[in-house]
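Same order as they appear, the protein sequences are chains P and X.
For the first sequence, our numbering gives the first residue as 1, with consecutive numbering after it.
For the second sequence, our numbering gives the first residue as 1, with consecutive numbering after it.
Bear in mind the hints are in silico, worked out from the structure with no lab data behind them.
Note that beta-carbon positions come from the ideal geometry of N, C-alpha and C, so glycine has one too.
FRET-style restraints, in silico, Cβ to Cβ:
| hint | chain 1 | residue 1 | chain 2 | residue 2 | range |
| --- | --- | --- | --- | --- | --- |
| 1 | P | 233 | X | 360 | 51 to 61 angstroms |
| 2 | X | 36 | P | 370 | 52 to 62 angstroms |
| 3 | X | 36 | P | 1 | 29 to 39 angstroms |
Protein chains: 2
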Amino acid sequence: MKPIHVGLLGLGTVGGGTLTVLRRNAEEITRRAGREIRVVRAAVRNLDKAKKLAGDLPLTTNPFDVVDDPAIDIVVELIGGLEPARELVMQAIANGKHVVTANKHLVAKHGNEIFAAAQAKGVMVAFEAAVAGGIPIIKALREGLTANRIEWLAGIINGTSNFILSEMRDKGAAFDDVLKEAQRLGYAEADPTFDIEGIDAAHKLTILSAIAFGIPMQFDRAYTEGISKLTREDVKYAEELGYRIKLLGIARRAEKGIELRVHPTLIPERRLIANVDGAMNAVLVKGDAVGPTLYYGAGAGAEPTASAVVADLVDVTRLHTADPHHRVPHLAFQPDQLADTPILPMDEVRTAYYLRLRAFDRPGVLADITRILADSDISIDAMVQKEPAEGEEQVDIILLTHVTQEKNVNAAIARIERLDTVAGKVMRIRLEELASK
Amino acid sequence: MKPIHVGLLGLGTVGGGTLTVLRRNAEEITRRAGREIRVVRAAVRNLDKAKKLAGDLPLTTNPFDVVDDPAIDIVVELIGGLEPARELVMQAIANGKHVVTANKHLVAKHGNEIFAAAQAKGVMVAFEAAVAGGIPIIKALREGLTANRIEWLAGIINGTSNFILSEMRDKGAAFDDVLKEAQRLGYAEADPTFDIEGIDAAHKLTILSAIAFGIPMQFDRAYTEGISKLTREDVKYAEELGYRIKLLGIARRAEKGIELRVHPTLIPERRLIANVDGAMNAVLVKGDAVGPTLYYGAGAGAEPTASAVVADLVDVTRLHTADPHHRVPHLAFQPDQLADTPILPMDEVRTAYYLRLRAFDRPGVLADITRILADSDISIDAMVQKEPAEGEEQVDIILLTHVTQEKNVNAAIARIERLDTVAGKVMRIRLEELASK
Numbered sequence: 001m002k003p004i005h006v007g008l009l010g011l012g013t014v015g016g017g018t019l020t021v022l023r024r025n026a027e028e029i030t031r032r033a034g035r036e037i038r039v040v041r042a043a044v045r046n047l048d049k050a051k052k053l054a055g056d057l058p059l060t061t062n063p064f065d066v067v068d069d070p071a072i073d074i075v076v077e078l079i080g081g082l083e084p085a086r087e088l089v090m091q092a093i094a095n096g097k098h099v100v101t102a103n104k105h106l107v108a109k110h111g112n113e114i115f116a117a118a119q120a121k122g123v124m125v126a127f128e129a130a131v132a133g134g135i136p137i138i139k140a141l142r143e144g145l146t147a148n149r150i151e152w153l154a155g156i157i158n159g160t161s162n163f164i165l166s167e168m169r170d171k172g173a174a175f176d177d178v179l180k181e182a183q184r185l186g187y188a189e190a191d192p193t194f195d196i197e198g199i200d201a202a203h204k205l206t207i208l209s210a211i212a213f214g215i216p217m218q219f220d221r222a223y224t225e226g227i228s229k230l231t232r233e234d235v236k237y238a239e240e241l242g243y244r245i246k247l248l249g250i251a252r253r254a255e256k257g258i259e260l261r262v263h264p265t266l267i268p269e270r271r272l273i274a275n276v277d278g279a280m281n282a283v284l285v286k287g288d289a290v291g292p293t294l295y296y297g298a299g300a301g302a303e304p305t306a307s308a309v310v311a312d313l314v315d316v317t318r319l320h321t322a323d324p325h326h327r328v329p330h331l332a333f334q335p336d337q338l339a340d341t342p343i344l345p346m347d348e349v350r351t352a353y354y355l356r357l358r359a360f361d362r363p364g365v366l367a368d369i370t371r372i373l374a375d376s377d378i379s380i381d382a383m384v385q386k387e388p389a390e391g392e393e394q395v396d397i398i399l400l401t402h403v404t405q406e407k408n409v410n411a412a413i414a415r416i417e418r419l420d421t422v423a424g425k426v427m428r429i430r431l432e433e434l435a436s437k
Numbered sequence: 001m002k003p004i005h006v007g008l009l010g011l012g013t014v015g016g017g018t019l020t021v022l023r024r025n026a027e028e029i030t031r032r033a034g035r036e037i038r039v040v041r042a043a044v045r046n047l048d049k050a051k052k053l054a055g056d057l058p059l060t061t062n063p064f065d066v067v068d069d070p071a072i073d074i075v076v077e078l079i080g081g082l083e084p085a086r087e088l089v090m091q092a093i094a095n096g097k098h099v100v101t102a103n104k105h106l107v108a109k110h111g112n113e114i115f116a117a118a119q120a121k122g123v124m125v126a127f128e129a130a131v132a133g134g135i136p137i138i139k140a141l142r143e144g145l146t147a148n149r150i151e152w153l154a155g156i157i158n159g160t161s162n163f164i165l166s167e168m169r170d171k172g173a174a175f176d177d178v179l180k181e182a183q184r185l186g187y188a189e190a191d192p193t194f195d196i197e198g199i200d201a202a203h204k205l206t207i208l209s210a211i212a213f214g215i216p217m218q219f220d221r222a223y224t225e226g227i228s229k230l231t232r233e234d235v236k237y238a239e240e241l242g243y244r245i246k247l248l249g250i251a252r253r254a255e256k257g258i259e260l261r262v263h264p265t266l267i268p269e270r271r272l273i274a275n276v277d278g279a280m281n282a283v284l285v286k287g288d289a290v291g292p293t294l295y296y297g298a299g300a301g302a303e304p305t306a307s308a309v310v311a312d313l314v315d316v317t318r319l320h321t322a323d324p325h326h327r328v329p330h331l332a333f334q335p336d337q338l339a340d341t342p343i344l345p346m347d348e349v350r351t352a353y354y355l356r357l358r359a360f361d362r363p364g365v366l367a368d369i370t371r372i373l374a375d376s377d378i379s380i381d382a383m384v385q386k387e388p389a390e391g392e393e394q395v396d397i398i399l400l401t402h403v404t405q406e407k408n409v410n411a412a413i414a415r416i417e418r419l420d421t422v423a424g425k426v427m428r429i430r431l432e433e434l435a436s437k
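Let the hints inform the model, and build the full structure from the sequences given.
Below, the structure is given as structure tokens:
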């Protein structure tokens, strides 16, 4: 059978990895796909830099040479960012080409528009590499768990943050110091905002939530809180109480809508996902029939991400002659069957909380705090008062609450912070049991 | 679009679960599949027992009524065992029906014949439920990791064994006592041979190896060793050395062929898979591009297994109009592209070892043992000699070896057992680092 022709947009880390993997494993990939997957052209920014890797592969600096090339069947978009990636993908679709992309930002922000165009044109847009690198989590959710009503999912889907949190715990180090180390090692970018402030994780969570619940992409409604305010004390106190702190992306079907939130989270240390360390990713999915399932692997890097890109190429190759109505739908559910379940505002989210505050070591402090919590209908699961340090007047008090509503906790925190006996702000970290029930 | 018609063979645990899940989640499943998946007939052994669950579903006691029913598109085989399951599946294929099965024994033993018939007839045979219950591991290997040359995989794929080993460790209990408890709880069958002797795991490993490496099913060449000879002392000593004992199914691409083996295995306790406890399953897969990925979930039970059965039904529904040459191949690789890589005899397998022996507490014992090991080209990684118990003359000696060849270890063990200073047999448990390199 004649080869399928692929055009690459971008030959950087992931593009280079994709070319390398396609070449190294050409024989096995062809045995699987039933025909050769041949890269016939690549668009790059810098011809000189790209030539060594490209070998005899024709290069261009104009990406439209690729998306408009009539000989190309599948366009692989690996340049990242919103523009011109969006324009290139839309034009490739308009030209009747299938698209494979690793661009989570693009899919989370413009997925609805892109999938509608692809549907109208009868082409496929595949994006396994956009979430959790080489872990086939899109496929698992979209095809492996189709029997289930998904109740919730929770993922460690930003390797940079997980690396930083793992190091803070292992070394008792402060956030700023570990961030610098991560930048030195290449685990964090010069501008780490997207990673450490939870934005990258929210892109990925948005994509996962759409596929899990059959809703459109709604990145703008995701609650996003990063790890930059975490202190080494919180990491230590959490550990003393039997928990690990992870940056989780959580999507949960609640009574009135869907919770969509990224934030640092305490998890019981005996959960498998609490033990996912370093730059690794993992997604825990709870289906009503299957129970909890977990998917673990490298969430970034040249070849792990290329693994997902090439898997998508094989999928498209296997399916591209199929009747478009019988292909796997982009968002797992048929496009005319998406639900309008609302995303809940953060105030309506229900979870448990870790609260840390500094108080003067005086009689009545605890009574004031516990009365405020009771007034807000918050019940306390555990409370620890630390010994004051030598010569200090203030002590750390740590509280774990039972599950309650975020609105109540915010109200209680505001009142606690106004107490004369409490110094500074209350540190609030959400806590999830992630139990199978 | 008109419903796709399904006939069930068997309405026991998994059959009942399948019917329940299809009914409960009918709306979401239809939204995903693009059309209703309707069970139109079920074959059962006992009509009276089945009636309550079946409701208005037509029943028969003759399974050929289902496989010969011209109104049925997909036959779901859930009766288990080799015959008449094999005959029924072959007849369903001959009748041009797609088949979904959860029968690992059948697939491992007769898969080659079944897939050849299906290929010739242009129908699909799907078997996600045959391995690791609700975990979509077949899909992950067959479609999610197609970019990779799979280097090895290692799975906890028998829940009964894992439950027993977890209890032995948690409670310091003996194998026999825990087995009885597992039988009382329904985790082990009255005749537990298939589970505790590794046979069930070997069926599943055979299936995974075929998909991972593109080789035919070769169950008869799998090395199979169960957990019934493990003592609580071994579990304890392993733990003292920083390891957990798990029954692993391991398939590894070695230089001269493929290792295919099920046996109790020491794993470093810091590995995620070492912390998979109770009746849960997990499969760790090492691909050359993606690195290590892990898949975790319930490996058995009515609804977890039904989750996989129904996912297969959705897959077949989505793909059944596709050109047969463009569907996902049964064994991941195109049927005319299977490799004849040999399965290695166990003697040629290379791994590390835990050896425990009882010796008289006399000078020269260790010298004798270490000389024998050195003669067999086995190097020692760690050695522990226990204190003799009060009034005992004999002591336990535990050795960990570096990676070596099984043949050499067997030869060394035979010589050690002939020493006058050594009492009884040497306990040998294989040890795998399962490191990402």
